[in-house]
Amino acid sequence: MVIDLDKCTGCGACAVACQQENNVSFRPDESDKLRTIAWMTLYRLDNGKDYPEHREAMLPRPCMQCDSPHHSPCTFVCPVNATVRDEHTGIVDHIAVRCIGCRYCMVACPYHARSFNWWDPKWPKTMEAMLSPEVSPRMRGVVEKCTFCHHRLNRARDRARINGEDPDGVVYTPACAEACPTGAITFGNLRDPHSDVARLAKDPRAFRILEKLHTEPKVYYLSSDQWIHKQSDNDLS
Amino acid sequence: SWRPSPERGEITETTGTCLLCPGGCGIQARLVNGHRAIYVKGNPDHAVSRGGLCPVGAAGLQYLYAPYRITQPLKQTGKRGDPQGFQPIAWNEALKIVADKLAAVRKKGLPHTVACITGQDRSSVTDLWKQFFAAYGSPNLYTMPRHSDSTRLAVALATGYDADLGFHLEKATYVLNFGAPLLEGWAAPVRIQQIFSRWQTEQPGLPKTELVHVESRCSLTASKADRWIACKPGTEAALALGIAHVLIREKLYDAAFVSEKVFGFEDWTDAAGALRKGFKALVLAKYSPKDVAAVTGVDAQVIQELARELARQKNAVVLWGQSSDTPNNLYHDLAFLALNALIGALSDKAMVSLVPSQPWQALPEPAMDLEAFKGLGQKPLGQPTSVPKTKVRPNTLHAFLNALANGEEYPIELLFVHEANPAYGLSENTLAVQALQKAGMVVSFASYLDETAAYADLILPNHNAFERLDDVIGLPGAPFAFYAVATPILKPHYDTKSTGDVVLGLAKTLGGTVAQSLPWKNYEEVLKLRAAKIAEGATGLLVDATFDPASVEPGVSLRANFKKAADVWKKLTAGSCWVEAPQALDACTTPSGRFELACQGLLASVSTNAGDELFMAHYKPLPPSGNAGELPLLLTTYRSLSLAPGYVPNAPFMNKLLPDDLLLKQDVFVEVHPETARKLGLRHKAKAVLKTPLGEAPVRVRVAPTVPADVVALPEGLGHTAYDEYVQGKGVNANSLVEVHLDPVTGLGTVWATRAQLRLA
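So the protein lines, in turn, are chains A and B.
Number 145 in this note's numbering belongs to position 145 of the first sequence; there are no gaps in the numbering.
Number 108 in this note's numbering belongs to position 108 of the second sequence; there are no gaps in the numbering.
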């Protein structure tokens, strides 16, 4: 995935579409950011300068689907194989029913991309009607996170099989990329050198977050602002 | 069960149009077993939104399935405003109460004491209301305030047309934007987002469009612009006139357009024979870069530079305005319009064009009896007598509510509120609450139990935005006429009725000329009439995502790609949109027949010995009330796309997006500059009290250099008292703290800055 921060206006349509698609639960108060569940979060960055040189930008953060050799930070620490990386698709998945809620993965993830279910999910009765049957709601005591909408990938693969096509050749769009009004999010197969994402990942504006940790994120960002590039390495440079 | 197990089944897709804001986005919804909507996305084939969506639209199902939906007609049995007093009532009984009241008021010869406030100004229901009020006989029909309320008056005075402004942002190479919150949900939000995205994309062979943004606060638009000019709050119009000064002094303006098509640039003689100073003389005398620098805080050098840069551009356009629902000071609107005229944006280049607010005659002329003539001839309640007489009816909602709340002129026997929530969403919302309490009977058509519906005597719930058949006439800010039909994405699941059908039903019950004026069987028939009108006109195109707005030229009608009305209807209901070119600005219907920088239309409404300035654009902020000693700060409000400030509240999904230095538990944060915070002894996240002449409220402080010293910025869209636990009691309603200034010429309620005090709690 490539997210163009020059185009991103921080509107949040991506995060809302994600919550709708993945049955992410919500509570009356969502202001405790250590307790809230969000697969796609918007971070606010600023250039640290005074008025009127001050500038702000929003950075949408899905799961980075780390590609580091052998293991992603989260999969490495999971004692029960609840979170695993599919080496075929590259997607780091989390299987809620295996999760014992130890939260090692949350500690290990340098991107805060994981959330814990501190409570049973509860929807207002009337809103249960809008839950998608394609993604199971999670229960209290387990971790959850962005899956790159892998159920959409499965759906596309199924369709390919039915049509007699190669399931490995399918393309699909996760909810966030689909909703984005500015087209800031591009999604595709990084290993395919002809894909848009592979081309954009080589753009001079491209960078990844906390690159020095060698987690090898599969999410690239684009920005023409040097101050944004600088913050990507957080004090590690 | 301890977690829900969603019903499985066949998943299908339908298309529709989002009605949650005036943006007219095409949507697609996924349904389970045809009756359970589980996902909303943009329609990639739609001519304007092209698959994009805003967070409100993406969260749309949370309104459809909201627990605060009104599921059946309700009657207040207790005291007005008591939420416990609502009791269910049958539709026929409820409608009979309204029809009886309407008949009784008319019988008393007081039809003008019936009023309506609608939040829909781009739906055919509004035309039905207009038709109904004309035939019934009342001038008291208002829409919720919009920026177009004042721009339409400015356009009518300058050109003689009743039209909205359309901006050719697709063609622009340079955009000078005076404060319009482009990325925070301006005009048709998704269209603007997509245009912004295009500006950020390098296209081989095409020059990059430059966006220069003028605003006092470091908003996201300011941050994302190529250049941000920070000015003092509310001084944008002065800066525009300063730029006009440089253009005139250095002869950088479009001289051909000005000499051939413009009146009032040079000195002129009024009808009484008096010699009047023209725009050139006044601007040269009063708005030198040095003077303007003192007012705006923008360097004289920068003003000069901006003017030269603007003049160099081939396709430059000037945008302005606060949020899309705040009318502006008339003279300031005229200033920005004048600047567009000077740079030739109104010439044949047509960077700015006039889009008629009704592409066709709305509905047949209403049949009016004597009673209707008498009633309609009454002065709209509270409207100042000085309002300019143009083709545009001034939407003096604040003046109306003011007169109603204070019991002036005449009482209102019956007040309809349709898709509007003035008790929350109107600036100085307490005025609306007071007015609602004074009205004889309040009938609401709300879909949700909001702050305004709480004051109703009777609620006749409308279908939700995703459940009803409706339409969208025109897109705000778009340089082409537009029409789309919104088809429901699923069947209404409560005992609600389309307001269009209710209005038609009421007219039928009243009988006589009222029934004659609204003869249609149901609302669908009215919408089909639109399709027939389009087919009959045989101009314009039915378009999908391949539509390129840059190909539309004013005055050049598009050759129709349709014939029969039935085909038009079929395509419209399948998600196609009808578009047509705006009108050409060749024959202004002003007294001079030209574009008037000196508006002779104002002769009737300003006194004969008025200063020359009063006929044309000038900088004239209305002084905020209160004592600067006691209230030393200026309060400005801001919005963001992830905070819904309009008719619908923030959905729970959107609350997740709010950072914890904007909303923490129930506390909203105001932004103050570090210097101001230090002076006031306020630390980051400190609890404080924000006080304005209208009241005070608890807040917290976000210390950030996003605003200049002595300015405090408060977000809009919080502080609801109605709805449910996911919405209510969060933060402060900005509308309850800002001060409304009635524009002395148009009588419209404008907002710019309010004096304020911030102290440690």
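Mixed in with the good hints, there may be bad ones.
Claimed, not checked - In silico lysine to aspartate or glutamate, EDC-like type, Cα no more than 20 Å apart, as pairs:
| hint | chain 1 | residue 1 | chain 2 | residue 2 |
| --- | --- | --- | --- | --- |
| 1 | B | K685 | A | D29 |
| 2 | A | K125 | B | D495 |
| 3 | A | K49 | B | D226 |
| 4 | A | K125 | B | E725 |
| 5 | B | K687 | A | D29 |
| 6 | B | K286 | B | E613 |
| 7 | B | K171 | B | D348 |
| 8 | B | K232 | A | D6 |
| 9 | A | K33 | B | D100 |
Hints in this document: simulated from the structure, not taken from any laboratory.
- Mind checking the alpha carbons of K685 of chain B and D29 of chain A for me, to see if they're no more than 20 Å apart? Given pair K685 of chain B, D29 of chain A holds - Cα atoms ~18 Å apart, limit 20 Å.
Assess, step by step, whether the Cα of K687 of chain B is no farther than 20 Å from the Cα of D29 of chain A, and give holds or violated. Given pair K687 of chain B, D29 of chain A holds - Cα atoms ~19 Å apart, limit 20 Å.
Regarding the pair K33 of chain A and D100 of chain B, is the alpha-carbon distance no greater than 20 Å?
54 Å, violated
Straight-line alpha-carbon gap K232 of chain B to D6 of chain A, limit 20 Å
Since the Cα atoms of K232 of chain B and D6 of chain A sit roughly 27 Å apart, the hinted pair is violated (cutoff 20 Å).
Is the hinted pair K125 of chain A and D495 of chain B satisfied, with a Cα-Cα distance of at most 20 Å?
Roughly 18 Å separates the two Cα atoms, so the pair holds.
Restraint status (C-alpha distance of K49 of chain A to D226 of chain B at most 20 Å): OK: K49 of chain A and D226 of chain B at ~17 Å, within 20 Å.
Exercise. Keeping to a limit of 20 Å between CA atoms, is the pair of K171 of chain B and D348 of chain B held or broken?
Worked result: 13 Å, holds
Note to self: Can you confirm whether the C-alpha distance between K125 of chain A and E725 of chain B stays at or below 20 Å?
What the structure shows: 14 Å, holds
**Message:** Just to be careful, I want the Cα atoms of K286 of chain B and E613 of chain B compared with a cutoff of 20 Å; is the pair within it?
**Reply:** Holds: K286 of chain B and E613 of chain B sit about 10 Å apart, inside 20 Å.
Checked against the numbered hints listed earlier, the structure breaks hints 8, 9; every other hint is satisfied.
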